[in-house]
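Chain by chain, the residues:
2 protein chains.
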Amino acid sequence: MVNDTALETLYKTVDQNQDDYVERLREAVAIPRYEARDIGCHDMDGVNLQLPPIILGTYGNDPNKKTILVYGHYDVQPALLEDGWDSKPFDMIETPKGQLVGRGASDDKGPIIGWLNCIEAHQNADIEFPVNLKICFEGMEENGSEGLEELISKEADKYFKDVDAVCISDNYWLGMTKPCLTYGLRGICAYKVAISGPGKDLHSGVFGGTVHEPMTDLIHLFSKLVTPSGKILITGVNDDVALLTDAENQMYKSLEFSLSELHSAIESKTTIFDNEIETLQHRWRYPSLTLHGIEGAFSSPGFKTVLPAKVTGKFSIRLVPNMDPNRVNELVEKYLKDEFAKLGSKNTISVECLHGAKPWIANPNHWNYVAASNAVERIFKCKPDLTREGGSIPVTLTFQDALNKNVLLLPMGRGDDGAHSINEKLDRSNYVQGIKLFGAYLHEIASCKDE
Amino acid sequence: MVNDTALETLYKTVDQNQDDYVERLREAVAIPRYEARDIGCHDMDGVNLQLPPIILGTYGNDPNKKTILVYGHYDVQPALLEDGWDSKPFDMIETPKGQLVGRGASDDKGPIIGWLNCIEAHQNADIEFPVNLKICFEGMEENGSEGLEELISKEADKYFKDVDAVCISDNYWLGMTKPCLTYGLRGICAYKVAISGPGKDLHSGVFGGTVHEPMTDLIHLFSKLVTPSGKILITGVNDDVALLTDAENQMYKSLEFSLSELHSAIESKTTIFDNEIETLQHRWRYPSLTLHGIEGAFSSPGFKTVLPAKVTGKFSIRLVPNMDPNRVNELVEKYLKDEFAKLGSKNTISVECLHGAKPWIANPNHWNYVAASNAVERIFKCKPDLTREGGSIPVTLTFQDALNKNVLLLPMGRGDDGAHSINEKLDRSNYVQGIKLFGAYLHEIASCKDE
Chain A
1 MVNDTALETL YKTVDQNQDD YVERLREAVA IPRYEARDIG CHDMDGVNLQ LPPIILGTYG
61 NDPNKKTILV YGHYDVQPAL LEDGWDSKPF DMIETPKGQL VGRGASDDKG PIIGWLNCIE
121 AHQNADIEFP VNLKICFEGM EENGSEGLEE LISKEADKYF KDVDAVCISD NYWLGMTKPC
181 LTYGLRGICA YKVAISGPGK DLHSGVFGGT VHEPMTDLIH LFSKLVTPSG KILITGVNDD
241 VALLTDAENQ MYKSLEFSLS ELHSAIESKT TIFDNEIETL QHRWRYPSLT LHGIEGAFSS
301 PGFKTVLPAK VTGKFSIRLV PNMDPNRVNE LVEKYLKDEF AKLGSKNTIS VECLHGAKPW
361 IANPNHWNYV AASNAVERIF KCKPDLTREG GSIPVTLTFQ DALNKNVLLL PMGRGDDGAH
421 SINEKLDRSN YVQGIKLFGA YLHEIASCKD E
Chain B
1 MVNDTALETL YKTVDQNQDD YVERLREAVA IPRYEARDIG CHDMDGVNLQ LPPIILGTYG
61 NDPNKKTILV YGHYDVQPAL LEDGWDSKPF DMIETPKGQL VGRGASDDKG PIIGWLNCIE
121 AHQNADIEFP VNLKICFEGM EENGSEGLEE LISKEADKYF KDVDAVCISD NYWLGMTKPC
181 LTYGLRGICA YKVAISGPGK DLHSGVFGGT VHEPMTDLIH LFSKLVTPSG KILITGVNDD
241 VALLTDAENQ MYKSLEFSLS ELHSAIESKT TIFDNEIETL QHRWRYPSLT LHGIEGAFSS
301 PGFKTVLPAK VTGKFSIRLV PNMDPNRVNE LVEKYLKDEF AKLGSKNTIS VECLHGAKPW
361 IANPNHWNYV AASNAVERIF KCKPDLTREG GSIPVTLTFQ DALNKNVLLL PMGRGDDGAH
421 SINEKLDRSN YVQGIKLFGA YLHEIASCKD E
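Listed in order, the protein sequences are those of chains A and B.
Each residue of the first sequence is one higher than the last, beginning at 1 in this note's numbering.
Each residue of the second sequence is one higher than the last, beginning at 1 in this note's numbering.
Don't read these hints as lab results, they were simulated from the structure.
All values derive from a computational prediction rather than experimental measurement.
Wrong hints could be hidden among the right ones.
Identical copies go unnamed one by one, so any copy, or any two together, can satisfy a pair.
[Stated by the list, open to error] Cross-link-like lysine-lysine pairs, in silico, BS3-like; alpha carbons within 25 Å at most: (1) K337 with K231; (2) K383 with K253; (3) K192 with K342; (4) K200 with K231; (5) K342 with K269; (6) K224 with K337; (7) K342 with K224.
Could you put together the complete structure from these sequences and hints?
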């Protein structure tokens, strides 16, 4: 049973100290990007650089309490006033509407400072901290989390040994008004398909019509991968896609999302589906295939009557449960080679899978999610949206695979925070309510019956 | 009637003076590229540059003789020893096998010096020059003959007024041993097809599967233009292709050409046809369509999970008689728009024809060709191959259209001379026999009955 009185006291403390918390976020935003230095691992130019430290911390060690691992990152995207910011990106300001504007305010300094404020609020309010907390804050998230996976694997049985569940606050609400919990991400398989013909680029006047053109072959192959309405044509690839259950479909009906938001995000109305539900399902729970481009063909402005000798097409497939990257690779390779054989070309083909990442999905009925959902109801007086995302957050899968524990994505910011964009912001209310949410979530965990 | 004795004397004179002629070619090769200078027309950077002069000259003015215009160019492709030449490109050498190696030896200084030697040989041998000769030697051929078309149009009724036929020596034998006359060139229509969707490039994870992707649309359109075996699929485009007559087909059987030469030129065996005749017919007398590349998609090495917002495909069609660029443009635009409509995409398309050039074909039974053919038989003791080419030599059409006279392409060099490549050469025998050929050609013209 959650001690409601204690929580009310906690909320009051958070409200009373919110200006201090904002001040701390301002200080955090003002800290320049950590510069990699000295001897560590190789950077792009082959220079040895020391990676920014991964900060591990433990708060509490009571064998009778659950242990929750929270992850965040203190590195941020680059930002310059000249990029078009309305204020200096590393001097956080608060607008009259209560938006805290600055690089990293939402991604991801707000959440990590929020966790620290949450601990302090318990101390100030003299309330017992409900769980053992472990933190893992890294500084390479915006650069592929280099070094993190190795550390997590190495420490899985040591520092991370007693962790019961993981909470990551590094994504966003679907819209602007309703909180969400995120329980799924798509995976990816990335491919290169090279078609080789002549030994060198040729003049299309002299040779056009007499040689098998690699570009024509590649275009025909590419046209057999996906339809203009997004249906993947590769034999067998859709077979492993989890069926949409009634319960899951039902869940989509309550989500806070409108096509007009999507249209303003993509700056056009060129969406495939006319309704929100199918749109979100195709972003989250169905695979997609994107043709990224072609290397080796003429790609500059202007015109050149070249007949390219070798062209390399690049495409990727977003994976969803229960697709397996290895199985998808087999199917893609077989399909491309079969279709190529049908072209009757004397050119040669090679298919390469560059990398594969599994889709991630968590059980949203796990106590970790139930606690978070209850906490949302306490703070926001509504049930959270249960969302997934179309892209990937690799650390999520890393934690789940290395620790074999439930992972929850619990966002603090809104869908319009503009992470990676100019004028990134975090609403003061999201920040303050978010600190309360973190507290309520930990108290809900402590009172969970289910293990 | 040709005066055979006079011709024999001419040949002897040419043979006796051949070392002088080689020396003159060496001097011509050594003359550096003419540098554009001062005020003339705009170059690429918007600077005013004076174009290299177009040299017009008249030799003879006898109203009882035919007037023949000969065209050549004195500018050459750039060349550096570091490009891989075995000798300094502007210091012409003669190899033990009798190859005159140097930049421009074959393209096109050999032929233009050859015409001048031909005039001098007549003087030395004290033989009456059989025609009035007009020369037009330009210095911008390797840069699109800028300024030439304007001059030809302006002078059509003045300097070029009395011209009866045109002879251009700026191409090559089909192979290495048999001379040819060239009577046809393909034309070209060049196109850009742009597909626009979102207002900016998107992340394929977040948006893949929910928006109509411009790249997918373009790939589908491109796949409907041409088959991997080179068949153009655009409705109506093949309708105007002249039918292959028995006589024409027969002509292909005597041509000196082998697939193995083609294979070594393209450095692969990826030719569509297994025989020489179909191969040459598809180079010369059937249209072809080449997909050159795509602007706006990801074209660099490596990988990027981008969903491109706007992609522009570039392709061109080589035209043959009786295709008309304007008609082809209409058909291409209609076809692309019809096929795009079938895709059911919300993206938008735009089609642009960048330029169109008509195919060129001359009547190989005209006295200009008969004279050249007879001259070849005199010098080489065989009938010349009657060839066409797959690319275009724009000046050919310019002369034909402006002067409305028969144009003959009469090559001096062999198919392996390597114009534009390293170690460009002209065989001494081609040079010396070429000078005799020019003479015999002019004498044959003088004795022609047909007008």
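Structure-based check of all given hints:
no. : hint           : verdict
1   : K337 with K231 : both (20 Å within a copy, 22 Å between copies)
2   : K383 with K253 : within (13 Å within a copy, 83 Å between copies)
3   : K192 with K342 : within (20 Å within a copy, 29 Å between copies)
4   : K200 with K231 : between (36 Å within a copy, 23 Å between copies)
5   : K342 with K269 : between (37 Å within a copy, 19 Å between copies)
6   : K224 with K337 : both (12 Å within a copy, 20 Å between copies)
7   : K342 with K224 : both (12 Å within a copy, 16 Å between copies)
In this structure, every one of the numbered hints holds.
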